[in-house]
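Chain residues, written in single-letter form:
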Amino acid sequence: MVFKKLVYCLVLLSISFQSFAQQEEIEIEELLIEQLNEELGENDDLSEFTEKLAYYMRHPLDLNKADRADLDHLIFLSPQQIENLLVHRNISGNFISIRELQGISGFDLQTIQRIQPFVTVRDVTSLDEFSFHKLIDASEHTLMMRYGRVIESQAGYLIQDSSRSRYFGNPDRYAVRYRMNFENKIRVALNMEKDAGEPFFKEKQKYGFDFYSGHIVLNDISRNIKQVVVGDYGLQFGQGLVAWNGLSFGKGTWIGSAARQGVGLKPYSAMNESNFQRGISAKLVVSDFEITPFVSYHSLSGNLIENGADKFITTINYSGLHRTPTELAYRDAIKQFVAGMNVTYHFKRFKAGVTYLHTSFNGQVTAGNTMREQFDFEGKSLDQTGVHYHYTYRNMYMYGETAYSFGGGFATNNGIIASLHPKVSTIVNYRNYQRNYHHFFAQSLSEASQVGNEEGLYGGIIYHPSRAIEWVNYVDVFRFPWLRFRVDAPSSGTDFLSQVTYNWYKKGKVLLRYRHRLKQENLNLADRNESLLADIIRNQIRAEFQYKLNQRWTVRTRAEVALYEKERDEKSSGWIVYQDVLWRGWSNRLNANMRFAYFHTASYNSRIYAYENDVLYASSFPMYYGKGIRTYLNLRWRMTKDLDIWGRYALTKYTDRETVGSGLDLIEGNQKSDFKVQVRWQW
Amino acid sequence: MFVRVILLLLISIELKAQPFNAAPYLGMGNTGLARQSVYSIGLNPAGIAGLTNTNVALAYQQHFLSSEIQSRAAYLNIPIKSLGGVGVGVNSYGIAGVSTLSTVRGIYARQFGKQIFSAVGLNYHQFYIKNYGNDQTFSVDLGLQVNVFPHLVIGALVRNISSSKYKEDVDQQISREIGLGLNYVVSDHLSLASDIYYDFRSKMNYRGGLEYAFDRRFKIRGGAASNPLHYLAGLGLILNKIQIDIASSFHPKLGTSPQITMAYGF
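Here the protein sequences come in this chain order: A and B.
Here the working numbering = 1-based position in the first sequence + 21.
Here the working numbering = 1-based position in the second sequence + 132.
These are calculated hints, taken from the structure and not from any lab test.
Only a predicted model underlies this, so the values are computations on that prediction, with no experimental measurement involved.
Think of the CB as a built atom: it goes at the ideal place given N, C-alpha and C, for glycine as much as any other residue.
A portion of the hints provided could be inaccurate.
[What the hints assert, rightly or not] Reference excerpt, derived from the structure (chain A facing chain B, CB under 10 Å, subset only): (1) A75; (2) L441; (3) L478; (4) I482; (5) E581.
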């Protein structure tokens, strides 16, 4: 205890923390985006992370009560940091102050800055009795509605000929979110969405929205029943080789993110229309065991062909779009049944678990006939099992998972994170996913979008020469033992990233990033009958500067260059510069931010992705290609404490083309613009 | 296997030019320009200027796990009071009974104060192909190391400053390059190193690595180098006066090249 107070005093002396102004929810998204490596789809919904973090911002997580699963939500923490924090609490007793975090091994200033808005230290209080009356009074509700559309008319809406593919609905987009939370014991969530082009109260969407999703969560029902979810939920076990629903982070600039922390059961509340479970699941605790049984029955979109009594599934479409005759015909045609269980044993610094997962369909899933699809899954049902573990020994965190798909192959992913020095951390990870490993929900550290047909060794090092500087490097060397799409032979590649960040405490940062990627792809030469493999080299150089000029103004500038080179084929380059200005005024009741970007890329291959601010929970990661300018303006007005209104207008103007987009999204003219309006009411 | 390896060697020209680097340096991402030990004889000769005792070392490497292509090396350094030291190194690379590239190197290293170390190395190269004859030439290397801060050493090397070449009909080159490296001792347990080379012909070559000592006797090393991007790793074991190191490069196409070295300090 004396030691503890001493640490506390020393820490107090060494740094005088400024008071933390309420951080914007938008800033959380930016923090997350830093981590994403641009492979995220344009429309992926990040809200499954941001919503939880926004919640912790309003109701900070008590470091003295938080368990591992709670801490996992603070995705800035590496598994090793979480482990060290829990061990520290066990040994030294409850935290007296957040500043004590600095005394825990593995917690550098950057990490503490990142998690500070989301955590607190409270005195222990006893919980009040539950009553229905209280449920009404103490519940928090949030209702959010969004409307948006592309302003220019797109080809798909203009077609009248019923024999041609066209959009059945109008270009309006609607989204509704409702949340109810009673002291974190009962939570209700409901999401509704209509994408552009989808019918509304018509066709197959006769109940209005195209996508409905929701759940009811009951927490801490009894000593043994930690959580029950009825409705939509996600499963995240081990390293994600058997199941990982929802978004995930892989190779990136937070070294810990390569080692996943499967939280098990996770209520699902995002707008992404696939990759979740629909049914019931629970988290049960019996002494050192955590048991998660689950069952789900879910409709997917895809092509189901009936041949007499036999049914065949040739395509499963995960996009969630149901606009054209084909997409509407596919809608909900496939029924997917999932059931299984995970049992995890936890003892001190050791954790290990077993997962079993069964998936079956209302038809026979068929694979394509090409050589590359030779090892793809075929059948009506799939059984998978996996064993995962992690263990902390001194300054090392060891983790991994090995999974097997019955009738198929194995997949394994194992690694070590080591804090070699308070300023230096490293990670080494080996993965080997056999080409005949089958799954429907797996996501793990990988170069390809699928877990399968891949072997790789990933190594990273993070070095903090001083409090302000962070230098991240990683190398990934991988091999695809079997053919892939547009790669007619076994192939290999490498990925290298080096990034230096200089932080002014609470003021700004300068970032420099270099990324070098090498992969192989088919090369078709006129005088050859078969395809050869050609090396493709992608180089990315990024410089970013962000600075908070004063309480009102923040500026951010980025310049990025992308260089693409395919051996004996194409060589192209692209660049972008943009200037963001963020403003807050009227005692923070009105916020605005805008961007002006100029981009010029020689081809699609040298395209550049960049994060864009948007209305809350709608941030996107669009690609910039061609030549032109892009600009947007976002506004947020806090009308009252309970009511927020957002608005957005965005415009892209090309100087190198007469039409924008292709197919049904084609726009005559050289510009594309859209707007959004969003209202949130909290009571 | 033999034919395959020869073919691979022929198509990877850059590989031919890769000079031999001893296991303690190889395992750390093929770095070592700013390190100081008897193994610097094979890399940056200035690395022996600060040594205070006599050392002898032997190295053996199998390239691409094929027993036909091997490297062998022997090093000896003798300090001269507080002035610096001299060193001798012998190195041969080749396919047993077919062709051999041999280098004999003599080094004179000089220390200026406690922070600056410099050296000159004179190399005698011999290239021999069975039944075809041989060729020989001399080349000169210059090395410099500066101990900028107590834990940071910067090293520079100009290899083959004399621009020596073999006869025109010999398809071998004496690599001519300049390198700049640093070695940072973060703590008793951890060192970081990084080297950059420019070879006047093609491009830059980047290397980085780390060494972690679990205790005084046992070390683990790892790193990566470019052209093409590949990993390197190694282990070190210190038993009183004997030091044994193993290391390997892991080339994505050609495979593993394990090396073992042993040094004895008098």
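Hint by hint, here is what the structure shows:
no., hint, result
1, A75, "violated (38 Å)"
2, L441, "holds (5 Å)"
3, L478, "holds (6 Å)"
4, I482, "holds (7 Å)"
5, E581, "violated (21 Å)"
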